[in-house]
Each structure stands twice: as C-alpha cells, then as structure tokens.
Amino acid sequence: MILGMAKLRIVGPLALLEEVTRHLQELGDVHLEFSPVQTGGVSGLARISLDPENQKKKAGLENLKKELNHLIVSLPVIESTESSITENQPLIIESLRRQVEKVLEQVRESEEEQGLLLKYERVLEALAPLLHQIKDKENLELDFIGLVLEAETGSSIHAIRQILSELTAGRYELFFSRVDPKTVAGLLVIPRELSGTVRASLWQKNISELKLPASLINQPVGQALKILLRKRLELPCRLRELRESLHRLSLQWRDRLVQYERSVENQLAQLESAFFFYHTQTAFLVFGWVPESRVSGVVQRLTGIFSERVVVERLVIPKEELRNVPVALSNPPPVRSFELLTRLVALPRYGSIDPTPYLAFFFPLFYGIILGDIGYGGLLLALSLYSRKRWAGNPLIRDLSLVFILASLSSILFGVLYGEFFGELGKPAGIHPLLINRMEEFISLIKVTLGIGLFQMFLGMILGLITAFRYGDFRKLMIKGCSMIFFVSVLLTLAGAAGLLSSAFSLAGGATVLVMFFAIFVLGGARSLMELHSLVSVLSYLRLMGIGVASAALAFAANTLGRLPGNIVAGIFIGFFLHLINFLFGVFSPMIQSLRLHYVEFFENFFQPGGREYRPFKKL
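Residue 488 in my numbering is what sits at position 488 of the sequence shown, and the numbering runs on without skipping anything.
It is possible that part of the hints are untrue.
As the list claims (entries may be wrong) - Pair by pair, the computed Cβ-Cβ distance ranges are: (1) Ile572 / Glu234: 43 to 53 Å; (2) Ile572 / Ser293: 57 to 67 Å; (3) Gln300 / Leu584: 48 to 58 Å; (4) Phe576 / Ala508: 57 to 67 Å; (5) Pro609 / Arg262: 28 to 38 Å; (6) Phe576 / Leu620: 43 to 53 Å; (7) Leu344 / Glu320: 28 to 38 Å; (8) Thr303 / Arg262: 38 to 48 Å; (9) Pro609 / Val515: 24 to 34 Å; (10) Val522 / Ala392: 56 to 66 Å; (11) Glu109 / Phe576: 22 to 32 Å; (12) Ser293 / Leu620: 19 to 29 Å; (13) Ile443 / Ala557: 38 to 48 Å; (14) His533 / Glu111: 18 to 28 Å.
It should be emphasised that the hints constitute simulated quantities derived from the structure, not laboratory data.
Backbone N, C-alpha and C define an ideal beta-carbon position, used for all residues, glycine too.
Hey, can you work out the whole structure from these sequences and the hints?
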C-alpha cells in the first residue's frame, strides 16, 4: 500500500541550523522539500547557500570520496571484522593509496608480460629442446636467428639449407621443431660477420624471422628465448604473490575504507541539504515530508532536544500538490518482493492505488496456470531456493527469487490439479488429473481463463472508480461508472442471446449498452470510448490457456519422441534435451505473459504512474 504522508514545516534559530540538520539526518524520516510557493509571503526569506569555507570543505570531501571509491574498487571484496579508521586518516589513505597503486602497477605489468608470452607459447615449447644445442656456443662469435615457417615441406627446408650453404660456405647449423601441423620453428646458428647478409637473403625469400618482444630486442636470440622460458614459469607465481598481497591489504583495510566512505558521504549529504533550507537574519526554515505514522517520532525527537526553540508544524496539503507528494510503499514481506515488478512500470502516484498486492496474488496464479507441472515447478523451486541462499546479500536477487518461489509453488499446485509431472511421466506413479486434463478439455480451460479475465477486469474497473473518487475527479468517476455498467450490460446481453438467461435480460442489457455508450461519449468525448477496452481485453486472457497447452504438448512430445529410438541412451538424451528446452521456455514465457496481462490489460483500468519516490534525508 501507499503510506499516507504529512508535510512538516520546521522553524528555528539560525544558530541551531547545523545541529538540527545533524539530528534530522540521524532520524532518517524526513524527505526534505524545496517549497517556494509556501514561502512567498515571508519577507526577508532567502535560500541558504554555502559560505566559502563550507564550499571548500565540500570540494575536499568530494575529492576524498573519489579517492576512497578508487581504493575500494581496486581492492578485492573480502569479509573482514577490522575496526574503522579513527586517527591520521589522510596520512593512512595516502600511504595505502601508494601501496595499492604500486601492487596494481606490478600486477598490470606482469599480466601484460604474461599476455605477451602467450603469443610465443607454442614457439617456445617447440624451441625449448633446441636451446641445449647452443648452450656452449653463446660466448663465441656467433649469431642466433629464430625462424618461423608456415606449411613447411621437406623441399622447402632443403631449399633453405642450399641458400645457407651458398651464403656461409657451409658454416652454419640449423635445427627445426614442429609447432603445430602447419607451422615449424627453427633455430639458425651462423658466424656473426655473416648475420646481415643471411638476414637480408632470408627476408628476400619471404622466410619469417622470429620477432622478439621489444624488451628483449637487443638480447641474443638464445639468451632471449631462455629469458622468455624462465618468465613463463615465474610469472604465474609472481602474479599469485601480488594478488595475495592485495588480498592482505583488502582484509586489513577494505571494510575500514567502506565505513570511512559512508562517513564522508554523510558529511557531504549534510552540506548538500543546506540547499533545501531557507533563512532570515535570525532564523531558518525547512519543509519536509514524513510518513504519517512517524510524525510523532519526529516531533518528539526535535522538541525533546530543542524544546520550544525549534517549532515543528504540520501543514495542510493543497489539492494541487497531492499528485507531487513523494510515494513510500509499505507491504508485508512476501508482497514486498513484488514491488520490484511494480517499479518496472513506474511508481504509482500518491493517492492512487498500489497494484503490488494484486500482482502478488495474480502473478503466481497466472504463472501456475500456464506452467502447471509438478516436475518443472519443482526444478524452478530448487533453483529459486538456491539463488536466494547463494546471493542472499543482493536485494534484487533476493526479491526476484521469492517471486519465483511463490510462482513455482503455484506451478506445483496446478501440476497436481492437471496431473502433470514432466508431462504424463507421472502416470505410472499414480499421478492423474484432479481437475482438468489440459490435453483434452480445451473448452473447460477456455471457460476458466475467460472467467479469470472477467473477474480481473471487473476488479480493475472497481479500483478505477476508487481512484477517481480519491482524486475527486467526478467526471472521471461518472465515465468509469458508465463503463462498468456497459461491461455488465454486454455480458447480460450475450448471456441472454446464448440462452443462459431469459430474453428479458438480453433486451434490457442491449438497451443499457446503447444508453451507456451515448453517456460515455457525452461525458468524455470520443477519447473516453477507450474506457470500453476492458471487454476486448478479456479475450487476451485466453493466452493463459494457449501458452499452457503449448507447454503441456511440448512435454508430451518430449516423452513420445524419447521412446521412439530403439537405443535407450538416445531416447533418454532426446527426452532430456526437449524437456530442457520446454523448461527454459516454461520459466520465461509465463513470466512475460503474466506481466503483459497485468501491465497492458489490468493496470489500464486504474493505475496512475508517475509517483515521486520518498527519499528521506538519512545516514548511510
């Protein structure tokens, strides 16, 4: 439901402004409001602006917050019981920043080196056995050239040897090792004085030379390859040590930094709240919204501390301001999780009806009608319970998991009524339909889904009447009332025509339909005739039957196809694969269809979007 709100005006001596602000933040109940209309008659009243000293303080806090946030993001998330930072905070943060940045820089450099080594990994593995060939030759006047040959053949290697023999008069050594089926790595040893000639000739023959990293470009190839091999072994250990160092820093400091960041944000919020305050030469004035149930607590706290020096006055809310009153939703725990689905559309306006309780009832109902299988419902329940436990600290997942827990329980219940356990697999265990067989009783399903649609549409129209009455919009109230009579009259006319009621009902209903149609047109013009959409919207509820029967048919097909092959393993695989597809389809499709029926059909009758969220001034 939407909590009733009260508007308060708080007045006190200007000297108490900072102290009152601090207590309002500690209370955490007052949504501060800028209200120029209600201050227009007060002479000498102006909005408070920060003096140079507080502006400097605010800028310093903002910079500190950025630095703290950077440090917190840099450190891994680890639970800790360390106390908060209390002394020499700037010095500690500066020292910690240097430590963290140093470790992060080392991690970054090591990761870049590791990424670079990945490019050479296969070549290094291929050349590693060749390195012992040049172990004792690096102190001589020799040069070492790494080669990479693609799609090598025996003839190409023979051609290379011929070229080298001509250029060096046989003064060379050439070793090859396969990198992969299409690539060969080679190591060429030649006299240093012939290095330039040989390299130029290899380049002219399009024979690729192994390119070393920039950091090793001046190293001999043999030495460079050994360094790369050593680094390939050392870097994982080095990275592990650096990450353990970050882990230790996080264990010691992260929670402290988070607490300190909250303290800084609270101080910033206090300074920024000054923009909502007005002042004269001697007094301050501020407006705020408080839930009606908490007004007495706010008054008692402020008067208890400041006595008569601070006055708290409850104001009458003008009618034109009702639509802009901040909105606070309050629902019991199971229903509260469905506020997530309400907010997907928008927050309802103050004074209108909160659709969350209706979502909490109808959404699981519709979900169960569509999915309606004990097996699929049980799987969904298990996944939902696991998600709720695994990510208990995440409010979004916690709420969404509860929504799916209720939806899965509804699916299990309807699975019992339909007699479905992964389709008809439950028959040997004695699971049979208790209410409706979805694969056979289509007419019964149509009647049930149309009945649900009629009920929800009628409920929506009643809620629309209540909303119009609350806002005092009597023209809208008359249009809604006529629409409801039109709706009932059409049903009576159809019932009479079908022989379910006497012909008198059909005649009376038909006449009333014409009168109400004309009345709606007169009251609201052609646009108001859109109110008659509810009659057509009822047909949309047939999707509850259609999607549900499709799911049941796919489960039946999975079981049938799973039995066709003579190979039992193949049958199990086919059945499992089709059931998996049906389960994934069965998880998301009922959610989409149920939400569509609420957002497009049901909400259209009464929902007033555009509410402003209640955001109390409070400590984090």
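Results of checking the hints against the structure:
1. A hinted range of 43 to 53 Å holds for the C-beta pair Ile572 and Glu234, which are about 49 Å apart.
2. Distance hint for Ile572 and Ser293: a CB-CB separation of about 59 Å, consistent with the stated range 57 to 67 Å.
3. Distance hint for Gln300 and Leu584: a CB-CB separation of about 55 Å, consistent with the stated range 48 to 58 Å.
4. The supplied range of 57 to 67 Å is met by Phe576 and Ala508, whose beta-carbon atoms lie about 59 Å from each other.
5. The given range of 28 to 38 Å is respected by Pro609 and Arg262, whose C-beta atoms sit roughly 33 Å from each other.
6. Between Phe576 and Leu620 the Cβ separation comes to about 49 Å, which falls inside the hinted range of 43 to 53 Å.
7. For the pair Leu344 and Glu320, the beta carbons lie near 29 Å from each other, so the given range of 28 to 38 Å is met.
8. About 29 Å separates the C-beta atoms of Thr303 and Arg262, a value inconsistent with the hinted range of 38 to 48 Å.
9. At about 32 Å, the CB distance of Pro609 to Val515 agrees with the hint of 24 to 34 Å.
10. Distance hint for Val522 and Ala392: a CB-CB separation of about 57 Å, consistent with the stated range 56 to 66 Å.
11. With their beta carbons about 48 Å apart, Glu109 and Phe576 fall outside the hinted range of 22 to 32 Å.
12. Judged by the Cβ atoms, the range 19 to 29 Å given for Ser293 and Leu620 holds: they are separated by roughly 23 Å.
13. With their beta carbons about 23 Å apart, Ile443 and Ala557 fall outside the hinted range of 38 to 48 Å.
14. Separated by about 59 Å at the C-beta atoms, His533 and Glu111 break the suggested range of 18 to 28 Å.
Of the numbered hints stated above, those contradicted by the structure are hints 8, 11, 13, 14, listed in ascending order.
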